[in-house]
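Residue numbers (the working numbering), protein chains in the order written: chain C, 1 to 532; chain W, 1 to 328.
Bear in mind the hints are in silico, worked out from the structure with no lab data behind them. Do not rely on the hints blindly, as some may be mistaken.
Stated by the list, open to error - Residues on chain W that point at chain C, a partial pick, calculated with CB under 7 Å:
| no. | residue |
| --- | --- |
| 1 | Ser36 |
| 2 | Glu41 |
| 3 | Thr42 |
| 4 | Leu82 |
| 5 | Gln83 |
| 6 | Val148 |
| 7 | Ser163 |
| 8 | Ser230 |
| 9 | Thr267 |
| 10 | Val285 |
Nothing here was measured: the structure is a model prediction, and the numbers come from that model. Positions of the beta carbon are idealized from the N, C-alpha and C atoms, including for glycine.
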Amino acid sequence: MTTKRLLRSARTGLVMSTAAAALMLTTVAVDAETLRWARVGDALTMDPHSQNEGPTHTLNHHIYETLVGRAVDGALTPRLATDWGISDDDETVWVFTIREGVKFHDGSDMTVEDVVFSLDRARTTPSGMAALHAAVEEVTAVDDTTVHVRMSGPAPLYVQNLTNTFIMSKAWAEANGVETAPNFAAGEEAYSVRNTNGTGPYMLVERDPEVRTVLQVFEDHWDAAPEVTEIIYTPISEAATRVAALLSGEVDIVQDVPVQDIARLEQTDGIRVVRGPENRNIFFSYDMASDSLASSNAEGNPFASPEVREAMSLVIDRNAIQQVVMRGESQPSAAPLPPFVNGWTEEMHAFGDPDLARAQELMAEAGYGDGFSVQLDCPNDRYLNDEAICQALVGMLARIGVSVDLNAQTRSLHFPLIENWETDFYLLGWGVPTFDSQYVFDFLVHSREGSYGAFNGSRYSNPELDAKIEALATMTDLEERDALIAEIWDEVMEERIFLNVHNQVLAYAMRDDINLDVHPENQPRMTTVTFD
Amino acid sequence: MIAFILRRLVQSVIVMLTVALVAFSLFRFVGDPIASMVGQETTLAERAELREALGLNDPFIVQFWSFVARAATGDFGISYRLQQPVMELILSRLPATLELALVSGILAFLFGVGFGVYTALRRGNWLSGSIMTISLIGVSLPTFLIGVLLIWVFAVELQWLPSFGRGDTVYIGDWWRTGLLTESGRASLILPAITLGLYQMTLIMRLVRAEMLEVLRTDYIKFARARGLSNRAVHFGHALKNTLVPVITITGLQMGSIIAFSIITETVFQWPGVGALFIRSVQFVDVPVMAAYLMLIALVFVVINLVVDLLYYAVDPRLRVDRANARH
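Chain C with its partners taken away, still in its complex shape:
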C-alpha cells in the first residue's frame, strides 16, 4: 500500500517537474507571439485589387501595403509612399515619393515600376478598385523614387482613394499570369486568389478559404518588427460560437462582437472590450420626386411634402432606438455622415426631443391628417440590428397615422430595390472611405446620371446642387471647398433628404492582456497590437 502510494507520488513529482520544464521553455520563447483572430466572415480573395470589400482589405493590409495608410483617428500616414502632394507645375498631377529599400516577400526589391504596374492594374476592369481611380489618366515613373499620377482634372482628394489600393510585384504578376485582376466571367481561378507576394509585415503561409489563414512575420520588412509574429485568422460565422471560442480561450481577438453580448463580455474576467465609432451611419430615405407612391394608398406623394418629412423627423425617437434596439451601442445623430468626415458639424448632428403635437399639426397642414400607408424596405442581415431599427420606426410613425408595412429581407434582395428605384421608403447604411463629404454627395445626393447618384434612392434631383457637387471634385482651394460643402449640406438638411438614425459603433473583444484600438473602417492592424 505504502510503496504504491510512494510510487504514485514520485510519478506525480516527475510529471510536475516535466510540466515546470515545459512552462520554463514557453516563457523563454516569449518573442514568438501568436495571435488567434476570429471574425464573422473570411476575405473573399487574396488578390489585391479584385474586390473592394472590407474583410478582404483588412486581411490583405497585413500582406500587401498601400502607398498611404489610414490611422485609427482617420488621418493619412506614410506607408510605401514617404511623401505626396499635388505638383507645383500642374495641378492635375499628383506626385508620390516612393519608399526605398522595400522588399517583396520573394526577396526582390520594390521599384517604381511595381507601383506604376499596380496602380494601372487597380484601375483597369475587372478590378473592383477601378471606380476609385476613374479620374486617373496616366501613371508614370519619373525617376527611381518618384511616381506621377496625372488626373483628368484637378483632384485634390485623390490621395484619400489610395488607402486600400495595394502594391504588388510586376514580375511576380507576369510570371503567374495575373497581370489583370481576376475576371468573374472568365470561369477560372487566378493564381493570385490564393497566393500572394506583397511587401507587408506578414507573409501568407497557409490559406484555407473560410477555414484558416496563417500569416508569419516577414523578417525583411522595412518597418519596426511587430510584437505579433504569427497570426491565425479563423472566420466563425455563428455569433454564439464566436463568443464561445473567445470565452474558452481558443481565440484571442473577436472582431465582430454581437451587440447583445457586449455587456456580458465586459463583465467576464480576462476579457476586454474596446469600442469606437465606425465609419458608417444608418439612415432612412424616401422617394421625394415621383408623382405617387406604388406602395401607398395616399393621393399624390406624401414624401414630396416638406411638412410630412419634417413631421417624420419629429416623431423618430433616436435615443429610444439607441437604448432599446441598440442596447446603448450606437451614437444617435441627425447628421447623415459619420463624425470624423470632413463637412460634419455640431448643428447637423443635434436633434431635439420628439414633438408629437407639432408633428400631427404638420401632417394636417400637408393634407395627410388621417395618415397614409406605405411600405418600408429594410435589410435584415447587413447592419447591426437593421430589422429591429425598422420595426422601431414602424411604431413611431404609427403615432402620426402613417401605417407602415415592413418588408425586411436579405441584402441581396434589398439593395437592388434602391438600385432600380423600386422602393418608396428604405433603410440604408453608408460609409465614407474618403473621409470627405463629396463622397456622400456623389453617391446619395447628385441626380442619377453616369457615375453619379448610384445610391440616390430618393430620386432627388436639383441641377443647381448637382453643379455645386461637380465643382467640388476639382476645387484645389480647400477653404473655399469646405465653404461649398457647408452650403450643400445646408440645402440637403433643409430638404430633409435623409432621416438619419445613428452612427454604428464597433466593438472588439479580446484577451485582457492585448491592446488594440478600434479602427474606424473596421480594418484593425495586428501590427499595432501590444501585450501587457
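Use these hints to put chain W onto chain C, whose structure you have.
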C-alpha cells in the same frame, strides 16, 4: 437485372434534371448576386455590364440549358464569392461533411441499438425511464440549441473540447483531407457528431425498442426459451437479429438526410463542410455553388435509393421470383 438497373438510371437522370430545374427557378428569388460582388462605388453601367457578362440577363430557360450543358461535362463554373472552381471547392469540403456524417451515423446506430435493446429488456427500471426521457428532450430541442448548449458546457465551462472548427487535418491521397488521424481532429469531431446524430439515435432507439418488444412476444422466442437457451442467446441471437432488417433500411436512408441536413450543425460549429459552404453561398447569392450543391445532394439521394433498391433485389428472394414469374 440489367434492364432493371438501366431503368433506374434513366429515372435517376430525370430526377436530377428536375432538381436542377426546381433549383434554378428558385434562384431568382434569392436576390441579385451583383450587389454582393461589387463595391459600393461601382457605377450602374458597370453593374449592368457584369450582369450581362455573367449571363444573368438571359432568359431563364437559356440559363438553365447552359448550366445543364456545362454540368454534363463536369464544369460547374466558378464561385462568385471565392473565385475558385465550384467542383474543386465542393470536393475540398466534401470529406469534412462525409466524415462528420459517417461518424455521427455510426454513433447513432451503435448507441441507438444499444439503448433500444436495453430499454426493451429492462422496461420500467429507472435507467430505462431516464434514457427514454432524455431521448425525448433530444428530439424536441432544435439542433441549433443542442449545439450551442454542448459548446457552452464542454468548451466554455469545462474546456474539454474545442468549440469550433475541425482541428488539424492531414491529407490521405491527393484531396481527401481527414481529421480522424490527429488528436485535435478527433476531439473536434465529438461535439458536432453528437449534435448531428442525436435525432437519428433517438429514432433508431425507439424503432429498435418497439421492434424488440414486438419480437419478444412471438412464438419462436417462447420456443427458444422453452428449449432452455440462455437469455443472451435469446435476446441477441434471435430477437435482435430479427429486429435489425427494418433498422438497417432506415439507417441507410437516414445517411442521406444526415449529409443533407448537416447544414445547421456545420454552421454552429464552423465545420468546414459543404453544408456551411451552401449557407454562405445562399447569403451571397453564389448561384454556381448553390446549383452544384443541390445537384450533389440530389445525386446522394439518388445513389442511396438505387443501392437500397439493388440490395432489396439481392436480399429478398421473393422479388426475384416474382419477376421471374411475371416474365413467363
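Hint-by-hint comparison with the structure:
Hint status for serine 36 of chain W relative to chain C: holds, with the closest Cβ pair at about 6 Å, below 7 Å. Given hint, glutamate 41 of chain W at the interface with chain C, holds; its Cβ is 4 Å from that chain's nearest Cβ, closer than 7 Å. A hinted interface residue such as threonine 42 of chain W counts as satisfied when its beta carbon comes closer than 7 Å to some beta carbon of chain C; here the least separation is about 5 Å, so the hint holds. Residue-level restraint check for leucine 82 of chain W holds (minimum Cβ-Cβ distance to chain C is 5 Å; threshold 7 Å).
Given the 7 Å rule on beta carbons, the hint for glutamine 83 of chain W holds: about 5 Å separates it from the nearest Cβ of chain C. With its C-beta approaching chain C no nearer than about 5 Å, valine 148 of chain W sits inside the 7 Å limit, and its interface hint holds. Using the Cβ-Cβ criterion of 7 Å, the hint placing serine 163 of chain W at the interface with chain C is satisfied: the shortest such distance is roughly 5 Å. For serine 230 of chain W, the interface hint is violated, since its Cβ never comes within 7 Å of a Cβ in chain C; the closest pair sits about 39 Å apart.
Given the 7 Å rule on beta carbons, the hint for threonine 267 of chain W holds: about 6 Å separates it from the nearest Cβ of chain C. Against a cut-off of 7 Å between C-beta atoms, the interface hint on valine 285 of chain W holds, since the closest Cβ of chain C lies about 4 Å away.
Violated hints amount to a single one, hint 8; each of the other numbered hints is respected by the structure.
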